[in-house]
Amino acid sequence: MSAATSRPVRTPETWAGRTRGDRYDDTLPAVVRGDLMRGGRLRHELMVTWIYLAIMAASALPTPLYSIYRQRLGLAALDITVLYACYALVVLATLLRFGFLSDRIGRLPVLYLAVLLAASGEAVLLMPPSLPGLYVSRVLTGIAVGLAISALPAHLADLAGDDHVGRATTLGVAANMGGQALGTFLAGWLNELTHSVLAAPYAVGLLLLTPVILVPMARVPETVLPSRLAGQHQEKRIPVRLRTAYRATAATMVAAFAMFGFLTAMTGQILQQLMHVANTSVSGIATAVLFTTGAVGQLLAGRITSARNPAVTVIPLPLAASLLSAAAFLGSLPIFALAVVVCGIGGGLCLRAGSTRLLARSPAETRAHMSSRLFAALYLGASIPTIATGLLATTLNIVASIFGLALLVVTLSAAAAVLLAKLPAAELMHADTVVLPVVRHWTDAATVQFFVAPVPPARRKPETRHGRQRVK
Numbered sequence: 167m168s169a170a171t172s173r174p175v176r177t178p179e180t181w182a183g184r185t186r187g188d189r190y191d192d193t194l195p196a197v198v199r200g201d202l203m204r205g206g207r208l209r210h211e212l213m214v215t216w217i218y219l220a221i222m223a224a225s226a227l228p229t230p231l232y233s234i235y236r237q238r239l240g241l242a243a244l245d246i247t248v249l250y251a252c253y254a255l256v257v258l259a260t261l262l263r264f265g266f267l268s269d270r271i272g273r274l275p276v277l278y279l280a281v282l283l284a285a286s287g288e289a290v291l292l293m294p295p296s297l298p299g300l301y302v303s304r305v306l307t308g309i310a311v312g313l314a315i316s317a318l319p320a321h322l323a324d325l326a327g328d329d330h331v332g333r334a335t336t337l338g339v340a341a342n343m344g345g346q347a348l349g350t351f352l353a354g355w356l357n358e359l360t361h362s363v364l365a366a367p368y369a370v371g372l373l374l375l376t377p378v379i380l381v382p383m384a385r386v387p388e389t390v391l392p393s394r395l396a397g398q399h400q401e402k403r404i405p406v407r408l409r410t411a412y413r414a415t416a417a418t419m420v421a422a423f424a425m426f427g428f429l430t431a432m433t434g435q436i437l438q439q440l441m442h443v444a445n446t447s448v449s450g451i452a453t454a455v456l457f458t459t460g461a462v463g464q465l466l467a468g469r470i471t472s473a474r475n476p477a478v479t480v481i482p483l484p485l486a487a488s489l490l491s492a493a494a495f496l497g498s499l500p501i502f503a504l505a506v507v508v509c510g511i512g513g514g515l516c517l518r519a520g521s522t523r524l525l526a527r528s529p530a531e532t533r534a535h536m537s538s539r540l541f542a543a544l545y546l547g548a549s550i551p552t553i554a555t556g557l558l559a560t561t562l563n564i565v566a567s568i569f570g571l572a573l574l575v576v577t578l579s580a581a582a583a584v585l586l587a588k589l590p591a592a593e594l595m596h597a598d599t600v601v602l603p604v605v606r607h608w609t610d611a612a613t614v615q616f617f618v619a620p621v622p623p624a625r626r627k628p629e630t631r632h633g634r635q636r637v638k
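Its first residue numbered 167, the sequence shown is counted upward by one per residue in the working numbering.
Think of the hints as simulated: they come from the structure by calculation, not from any bench.
Small disclaimer: the values here were computed from a predicted structure and weren't measured.
Errors might be hidden in some of the hints.
Here are the computed distance ranges between Cβ atoms for each label pair [unchecked claim]: (1) Ala242 / Thr577: 38 to 48 angstroms; (2) Leu380 / Tyr301: 24 to 34 angstroms; (3) Arg409 / Asn445: 43 to 53 angstroms; (4) Pro377 / Ser498: 21 to 31 angstroms; (5) Leu557 / Leu380: 36 to 46 angstroms; (6) Thr561 / Pro377: 15 to 25 angstroms; (7) His442 / Ser286: 36 to 46 angstroms; (8) Gly497 / Leu573: 13 to 23 angstroms.
Note that CB positions come from ideal geometry on N, CA and C, so glycine has one too.
Please construct the entire structure, taking both the sequences and the accompanying hints into account.
This is the structure:
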């Protein structure tokens with residue numbers, strides 16, 4: 167057999183039958199494909215996960231310090247809310263405008279730009295505190311996070327291959343929420359340790375963003391060939407076969423992260439005004455618990471049969487809103503802590519289920535675009551409702567804003583549950599493939615992976631005439 171015919175050409179029809187050692191697309195660079203097939207896949211995935219975690223940790227450092235900025239600069243509650251919402255809106259705008267960028271020019275150039283912008287934002291916060299400085303830093307960090315969360319999940323999916331999109335999604339969401347938990351905890355702890363020296367957390371952030379990130383980034387391979395994608399027209403619309411799944415996922419994201427955004431921006435004020443707890447480290451720990459339980463929730467998503475009943479993942483959200491309302495009304499710190507835990511688990515469940523549902527069905531060349539649209543819904547939920555509840559807290563009081571948030575979350579959760587309940591039938595109407603959960607027995611019997619299986623075509627009815635079968 168000649169060398170030209172020793173290896174059959176893989177087509178979309180034969181690609182589903184590939185073996186474990188031959189699971190990577192030929193569009194990857196040859197060096198990268200060979201390294202991955204020799205066993206370097208998991209090592210590269212962990213490097214990218216660490217980069218993702220470090221960027222998100224640096225972006226979350228100011229969160230538990232907002233109460234100190236409010237005292238030193240004489241800011242109102244609305245100023246803090248608008249400051250956080252400004253960051254979320256910048257992330258949203260970056261995702262919508264430049265979310266496809268790593269699909270076109272490559273993953274690594276976008277990541278280097280994100281690290282540079284994030285480091286610049288941390289450097290601004292090392293200066294004496296001022297409200298314009300906070301806005302400049304939040305804008306720079308927002309652009310950096312928008313670029314990172316569009317490129318890094320797609321990079322993880324590229325490195326993992328089609329057989330392990332579920333694992334790549336788990337690593338990405340864990341790094342996102344785990345990084346924010348680490349950042350808030352470090353900021354609160356270092357602030358108490360250094361007696362409110364605001365520059366200390368940002369010095370640690372620069373330490374994370376410069377030498378710790380640049381060394382792993384130099385060893386991470388590029389998975390996109392810019393020369394092949396530069397001349398292609400970039401589709402900026404969601405494919406028709408994914409629109410129903412995206413709408414259901416977006417409704418869930420808005421419901422979940424309306425609470426995440428509110429708790430991230432207002433935890434310090436809730437603890438001070440309603441629970442009479444003025445310790446900054448407690449605020450940092452509460453926010454860290456929120457994101458840590460979010461990471462735990464997305465790890466638990468694989469053990470919940472959400473494919474049979476996707477609406478199950480929405481149940482924790484109205485429960486968390488009810489607990490938060492009860493904590494505000496009673497001034498109870500234990501109930502507030504329980505509400506934070508339930509909210510984190512619910513957000514993690516929704517984010518993991520939605521990410522896997524969309525990324526497993528997206529073509530490799532549009533993964534960054536789909537990831538950016540997914541996180542755009544997330545930051546839309548984290549920004550607009552946060553501004554609205556901040557205005558309500560300023561005009562009335564913080565308890566009224568919590569009741570308004572609870573009403574919003576319950577309404578959005580009900581709408582998301584209706585969409586998710588209709589999702590399987592709607593997907594089969596608009597797609598030739600369906601995502602099915604299977605158990606990989608050779609790894610972990612409890613780990614749910616996803617693959618794309620063809621939907622069997624419907625049998626044609628025999629031709630009839632006047633109600634009788636035609637005899638040929």
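ask   = Failing hints, ascending?
value = 1, 4 and 6
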